[in-house]
Amino acid sequence: MKNSIISGAIAGLFSGISGFVFTIIYADFMGLSYPYSPADIIPISNIATNEILLGVIWGAIFGIFYSILYDSIPGQGLSKGLTYGMLVFLISRIRPVFYAMTGGDIPNAIAITFVGFFMFLIYGILLGLLYKPKK
Amino acid sequence: MKKDFVVGLIGGIINGIIASAMVVQGIIIGAYPLWAIEAIVKNIIAINIIWGIIFAILYSKFYRSIPGKGIWKGLVYGLMLYFLSNIYWFSYVLAYGDPSFITALMPFIVGIWVWIVYGFMLGILYEKVIIK
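Here the protein sequences come in this chain order: A and B.
Everything in the first sequence is counted per this note's numbering, starting at 860 for the first residue and increasing by one.
Everything in the second sequence is counted per this note's numbering, starting at 43 for the first residue and increasing by one.
By construction, these hints were calculated from the structure, which means they are not laboratory data.
Not one of these hints is a red herring.
Label-pair ranges, simulated between beta-carbon atoms: (1) 930(A) <-> 51(B): 22 to 28 Å; (2) 105(B) <-> 988(A): 26 to 32 Å; (3) 151(B) <-> 897(A): 18 to 24 Å; (4) 67(B) <-> 991(A): 43 to 49 Å; (5) 107(B) <-> 860(A): 17 to 23 Å.
Glycine included, C-beta positions come from ideal geometry on N, C-alpha and C.
Required output: the full structure, derived from the provided sequences and hints.
Structure (structure tokens):
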């Protein structure tokens with residue numbers, strides 16, 4: 860696929876679905892904190908909407924940045940996408956988590972890191988497989 | 043490797059200075075509780091120095107792909123980081139309805155000028171120290 864926005868949005872859709880699944884596993888099944896919220900219970904429909912909708916929107920935006928930085932990212936195909944996914948994970952999730960931890964919000968910080976890792980792992984792999992730049 | 047170290051050092055110092063100003067703004071708008079200010083100031087400056095180094099090294103790695111020329115590359119890079127980091131965070135906090143809205147607004151409002159200054163200064167110093 861030569862369109863970075865569509866490739867990113869598709870990868871973001873699956874990343875958002877994984878975000879929904881891992882949030883449910885982490886917060887509801889394991890009884891730990893929800894990411895980005897101090898609430899005790901969040902309706903499943905809200906989690907699904909938030910994760911999938913934001914996953915698609917941000918997937919498309921990250922896809923644009925991927926196409927801009929493409930030549931400078933090390934690796935080829937899947938490994939290139941994976942490197943990019945982990946880089947975005949570092950910038951988008953790990954860095955803000957440091958600030959959350961300064962406010963003592965440790966459970967939330969762990970939840971954001973845990974769910975985010977799987978989201979960006981899936982996002983990076985799919986983006987690497989889907990996006991092929993114009994020659 | 044030596045180049046990366048110099049760029050990292052530059053980025054770390056820039057971000058450390060910016061962090062101090064950011065903390066002052068945070069205190070003014072009441073985002074930090076008074077009893078915890080000393081610890082927060084130390085943490086934020088330390089975190090900003092660490093991330094300033096990381097982002098400066100990434101800047102040198104992605105330099106040729108970043109749109110723009112000269113110092114403008116730094117500004118574009120700063121705004122890209124603002125999007126990837128602060129706006130991303132803000133959108134999730136907003137979607138999940140964090141009751142402490144001020145904590146969500148901090149990275150959104152304060153973040154814009156922090157990244158603009160960081161990007162510009164990184165762009166200028168990179169051109170002066172590394173390119174020349």
